[in-house]
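Make the complex out of the two chains shown on their own, each in a separate frame, by following the hints.
Chain residues, written in single-letter form:
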Amino acid sequence: MKQKGRLIGGIAALALMAGMASAEGVKVGMITTLSGGGAGLGIDVRDGFQLALKMAGDAGAGVELIVEDDQQKPDIAVQLADKMIQSDQVDVLTGIIWSNLAMAVVPAAVAQGKFYLSPNAGPSALAGAGCDKNYFNVAWQNDNLHEAAGAYANSAGYANSFMLAPNYPAGTDAIAGYKRFYEGAAAGEVYTQLGQTDYAAEIAQIRNSGADSVFFFLPGGMGIAFMKQYAESGVDIPLIGPAFSFDQNILQAVGDAALGVKNTSQWNKDIDNAENAAFVAAYQAEYGRLPSLYSSQGFDTANLLLSAMAKADVTDQEAFRAALEAADFASVRGDFAFGPNHHPIQDIYVREVVKEGDIYTNKVIGTALEDRGDAYAGECKM
Amino acid sequence: MLLAEQVLNGLQYGMMLFLMAAGLTLVFGVMGLINLAHGSLYMAGAFACAAVAAATGSFWLGLAASLAAAAALGALVEVVVIRRLYARDHLDQVLATFALILVFSEGTRWLFGSFPLYLSLPPVLSGAVTLPGGLVYPAFRLAIIAIGALVAVGLFWLIGRTRLGIRIRAGEADREMIAALGVDIARLYTLVFALGAALAGLAGALVGSVQSVQVGMGEPVLILAFVTVVIGGIGSIKGALVGALLVGMTDTLGKALLPTFFAGFMEASAATSVGSALASMLIYVLMAVVLVVRPTGLYGARA
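Sequence order for the protein chains is A and B. Taken in order, the first sequence gives residues 1 to 382; the numbers are from the numbering used here. Taken in order, the second sequence gives residues 1 to 303; the numbers are from the numbering used here.
If we strip away everything but chain B, and leave its shape as in the complex, we get (with noise of 0.2 Å):
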């Protein structure tokens, strides 16, 4: 029952993860970027999200309000900074984006201040449900998982089937000869980097429901998100799933049972101690792991 409970808690993990990483794989792919300010996106959505809902009283617009806001936001930065940066060297765009970070992390703590938001969850989603088998789960935590798969399967489709998603495959194939076929490349991008933000923005609005909304919320998912990159390999949607919820699960029962694990041989708060650092290290041997057997990551196409 407790191992079920840990795997749920995994999957919802990782679905948050798939969320941030979604966009940050599809704008490293197609536009060769290396975007810090992902971070700053997820945290747009989440006070984009507590204002709204604060000021209307209704979670769902908020929910509509953190999509718009980042997407709005991403546009906007595209058009304004990022468009400068596709010709420059990988140096320049990090330098470029973590100016942005500090930018949007001192803008929102301007604007709202350093006190963090709680938002309230709508009264369908609030409290736990009972699933088969007796298991007693949060709703809002089931949500996030099935939002997750929602988006997962809408970005396949979108990637696969539409004409859209032929264009971005094509942009990350060959930018110069969709060009010359008369693609309008500026505005692809455009669309392709709000769309990373729109979705950036949608899990921090999800995740500031559980837990809280502040300044710099962004940062330390970011790195987990670069993270579940790398093992996906660049630019692969698959790989950013597969790799989030790989992520998601090592973390999580990592932390559930390596202490556990340990307290078999060892004194109860040595064990406790010992299994939590090394808990908090497994998603990075797993990277190494992953890129020492396959150097692209699991799913990457470039050498």
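Chain A on its own, in the form it takes in the complex (with noise of 0.2 Å):
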């Protein structure tokens, strides 16, 4: 009787146990790059995201958040997500940084019928004909900054870019996002392999093609080593590129050779409103150091998602998904919404690299483009 009786109690604690997680709020899986060369990215994303629940106070205690690393492998990156749909049973997945993984990854989890919440990568494919309604991107589509690079080479007066990118979905995408707003003539057009280090050989294209600028998009380690290397070659031809070569995370190392350089973004420390002062101010208090790019991008990716939490249970799939469309946060790079593919419609920046007492940070000196979408969102069907 009295085993009997215990049974029933923890049955009891059980079924409390279970009904307690399903009001408990969002099971959250992050799958992301924390080791190797594109370390620094991920390790933003998620020190981004950790520091706008932490922020949240109440409201982002109700996230479970799952960290792993996908060691920028897409098989690795695949069965991360497996477990995490099927074992850890989650709600919403987000922290992809990278396009190849995000194209092995988000198709079949949004099937399943989760969220996906992308808080770096934004190939082509995912915001046209492949988009789906449970897939939301918070920081671009790929072909947005580079767009944007294209449109500033334009009024600096370059004719004669030469363009190097990896050759992976971001990469082609950057080439075709330069080209869709540059309109001089290509001095030549390389890509490399993904995580090359070595450029010695694109290098001296470079130093032969005539070129007036060099365009290229070389995201993590891979874009330090070609800084680094461009320095020691000699070559002078002003390079231009995204944010990706560029940023926080990467300037340190890179020094004094990207002084000056002109890149693009939708974010800086210094875009002028009360959530981007708030963020700098707190991630530096908690990281001990200057928020990058990306950390901005998993800040707004976790905002984004309190921000539909506080209008809708994640059971509600329908309600969920129209919280997260009205995009109703306070976004760090001040304006921001969603358009019909789920892609940022945001203003893009042009910054240049400049030290501010011994730290190499960017300042903003103008705007590239105004409101952008994107240039696949008519080949969306939702």
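If you're looking for bench data, these hints aren't it; they were derived computationally from the structure. Computed from a predicted structure; not experimentally measured. One thing to keep in mind: the hints can contain errors.
[To be verified] For the chain A half of the interface with chain B, some residues (derived, Cβ under 8 Å), not all of them:
| hint | residue |
| --- | --- |
| 1 | G37 |
| 2 | A39 |
| 3 | G40 |
| 4 | I85 |
| 5 | Q86 |
| 6 | N167 |
| 7 | A185 |
| 8 | E189 |
| 9 | Y191 |
| 10 | L194 |
| 11 | A204 |
| 12 | G221 |
| 13 | I224 |
| 14 | A225 |
| 15 | E232 |
[Unchecked claim] Example chain A residues on the side facing chain B (calculated, C-beta under 10 Å, incomplete):
| hint | residue |
| --- | --- |
| 16 | S35 |
| 17 | Q50 |
| 18 | G195 |
| 19 | D198 |
| 20 | Y199 |
| 21 | A201 |
| 22 | I203 |
| 23 | Q205 |
| 24 | D212 |
| 25 | A231 |
| 26 | G234 |
| 27 | P238 |
| 28 | V254 |
| 29 | G255 |
Every residue gets a Cβ at the ideal spot worked out from N, C-alpha and C, and that includes glycine.
What follows is the structure, given as structure tokens:
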């Protein structure tokens, strides 16, 4: 009799726990790159995301976050996604940095009814014909910053650009995006291997190309290696590029070689609004370093999620989706809205690399594109 | 001018591969051991250089530290782990040395973190120099070529002209016999392994200075070093040198010239992608061709 009582008590406790779990809030699986040459990007996204949860207090405590390292490998990312969906039973996935990993994970995840909020990768395939009602991109469509770089190249009077990008979805998107706005001629167009660390052969081609500008997109460690080797090579053709190669997390390693380079970004630490000021100050206090573009994207992703949680329960997919679409949160980049394909409509700025004291950082010098959506929204049928 | 610069790039890449392949081929030839952890010794050298250079501010001390640290680690690994593997078959060696890769990678991550480290070049070697003929080329890459050439000369002298070299060659030919003649074979093996490790560490430090120092940097190079050893012939230093230069030239010139070649009769972006895809296969095609013509590699002695 006593045993039976215990059993019933146990079942009741279990039921109570199960009930609590569903009322607990949202379970989020973050798959991101925390090791290898691309580790800086994932760490910043994670730290930005966690900071937003912490700053939200009780609302942030309603998010149960599981973070795993994908090692920048698509097969590992797919395994992690399967594990998070099947055994952890997450409601929302996020975190992926690299477009090739996003292409491996996102279509399967949204097909299984999970929400995916992208804090970084925005491959064209997921913005156009492959868009999905459960897929939201909080950063940009991949082409955006490159389009802005093209627009800037025109206004700076460049007419013969050498273009360099790694051979993967975001790399081809980069050169396509640059050429969409850039009106000059192409002095050369080179695709490198993803993760390549030696750029001697490419720099030799740049030296002999007769270009008046070099547009390059090499995120993470690739960009540092390229910039250092470029500075050593004695070539002095001006560089332009998206923010990825000139962001806070890599500028200190690049050093003087980057000074004065113009780059395009939807965010910078000096964008003037209250949320941004609070974010930059809190980030520095929490982690002892300046936030990067990726930190800001992780921060915005978490705030978007919290804004939707405040309006709807994640189990009510329709309502939760509508709440996400409304994007009712204060983005640190200023104005932010979703286009019809769930990609941002936002301003993109031109920044210049400067030195403040001992720290290399960026300052905004102008706006390259205003209220820019993306080129693929028309192909998206939801 | 472009071609001349690319040839120098190929030469520099080849010299770097030679430093890796020389150690690998010695260990493979003399001890009959497949050492997958050679890439970890390369990484250890790079991290030692970065750490010491950061602590002392001197790149040259860092370079010396890379040699010392890799040699010491190599000797330690030989005594603790590798020594037990000589009598085993190759599969056991591959398994054990693969485990060493995992141990070293995680250990390095634990010590230094996941963020890549960056080395500053010494002022003497930073920037570019103008070569006769008006070619502008980074000074540090020229230094790598020079160091590679010096090491090659030194190794040929060591193997061909010294008592240690005679023992190494004898050990390669018949290890029981030289043991019977009273040579301490265990010490010889440790010495050869440490020598190979030191060369790998030097390569790691040099490459880390132009690129970046990070966990896992050794494995891509290791694959190329194995290709080099197979092309050159197992156990032959001369083969390693010729193989390394062949691989370096083929890879660099292929990457530089193939896209231009295809652009002659294809649309630009298609030519770029076909060209670079083919270029990355080229060294494996080279290896296949060499193996068909000479199954033991260019200078391989054993059948």
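Here is what the structure says about each hint:
1. Checking G37 of chain A against chain B by beta carbon gives a least distance of about 6 Å; that is within 8 Å, so the hint holds.
2. The interface hint given for A39 of chain A holds, since its Cβ lies 4 Å from the closest Cβ of chain B, which is under the 8 Å cut-off.
3. Using the Cβ-Cβ criterion of 8 Å, the hint placing G40 of chain A at the interface with chain B is satisfied: the shortest such distance is roughly 6 Å.
4. Hint status for I85 of chain A: violated, given a least beta-carbon distance of 26 Å to chain B, over 8 Å.
5. Interface hint status for Q86 of chain A: violated, as the beta-carbon distance to the closest one in chain B is roughly 27 Å, over 8 Å.
6. At a threshold of 8 Å, the smallest CB-CB gap from N167 of chain A to chain B is about 6 Å, leaving the interface hint in force.
7. A hinted interface residue such as A185 of chain A counts as satisfied when its beta carbon comes closer than 8 Å to some beta carbon of chain B; here the least separation is about 12 Å, so the hint is violated.
8. Given the 8 Å rule on beta carbons, the hint for E189 of chain A holds: about 6 Å separates it from the nearest Cβ of chain B.
9. The beta carbon of Y191 of chain A is positioned within 8 Å of a beta carbon in chain B (closest approach about 5 Å), and the interface hint is therefore held.
10. Taking 8 Å as the C-beta cut-off, the interface hint given for L194 of chain A is violated, the closest approach to chain B being about 11 Å.
11. Interface restraint check: A204 of chain A against chain B, minimum CB-CB distance 4 Å, threshold 8 Å, status holds.
12. A distance limit of 8 Å between C-beta atoms decides the matter here; for G221 of chain A the minimum to chain B is near 5 Å, and the interface restraint holds.
13. At its closest, the beta carbon of I224 of chain A sits 6 Å from a beta carbon of chain B; the interface hint therefore holds under the 8 Å criterion.
14. The closest approach between the C-beta of A225 of chain A and any C-beta of chain B is roughly 5 Å, which is under the 8 Å cut-off, so the hint is satisfied.
15. For the restraint placing E232 of chain A at the interface with chain B, the shortest Cβ-Cβ distance is roughly 5 Å, inside the 8 Å limit, so the hint holds.
16. Because the smallest distance between the Cβ of S35 of chain A and any Cβ of chain B comes to about 4 Å, under 10 Å, the interface hint for this residue holds.
17. With 10 Å as the threshold, the beta carbon of Q50 of chain A stays out of range of chain B, its nearest partner Cβ sitting at about 17 Å, so the hint is violated.
18. Against a cut-off of 10 Å between C-beta atoms, the interface hint on G195 of chain A holds, since the closest Cβ of chain B lies about 8 Å away.
19. A least Cβ separation of about 6 Å between D198 of chain A and chain B falls short of the 10 Å threshold, and the interface hint therefore holds.
20. A hinted interface residue such as Y199 of chain A counts as satisfied when its beta carbon comes closer than 10 Å to some beta carbon of chain B; here the least separation is about 9 Å, so the hint holds.
21. This hint holds: A201 of chain A has a C-beta 5 Å from the nearest C-beta of chain B, less than the 10 Å allowed.
22. The beta carbon of I203 of chain A comes within 9 Å of a beta carbon in chain B, closer than 10 Å, and the hint placing it at the interface holds.
23. For the restraint placing Q205 of chain A at the interface with chain B, the shortest Cβ-Cβ distance is roughly 7 Å, inside the 10 Å limit, so the hint holds.
24. The criterion of a C-beta within 10 Å of any C-beta in chain B is not met by D212 of chain A, whose closest approach is roughly 18 Å, and the hint is violated.
25. With a least beta-carbon distance of about 8 Å to chain B, the hint placing A231 of chain A at the interface is held under the 10 Å criterion.
26. Checking G234 of chain A against chain B by beta carbon gives a least distance of about 3 Å; that is within 10 Å, so the hint holds.
27. For the restraint placing P238 of chain A at the interface with chain B, the shortest Cβ-Cβ distance is roughly 17 Å, beyond the 10 Å limit, so the hint is violated.
28. Evaluation of the V254 of chain A hint against chain B yields a held restraint, the C-beta minimum of about 8 Å falling below 10 Å.
29. Interface restraint check for G255 of chain A: the shortest CB-CB distance to chain B comes to about 8 Å, inside 10 Å, so the restraint holds.
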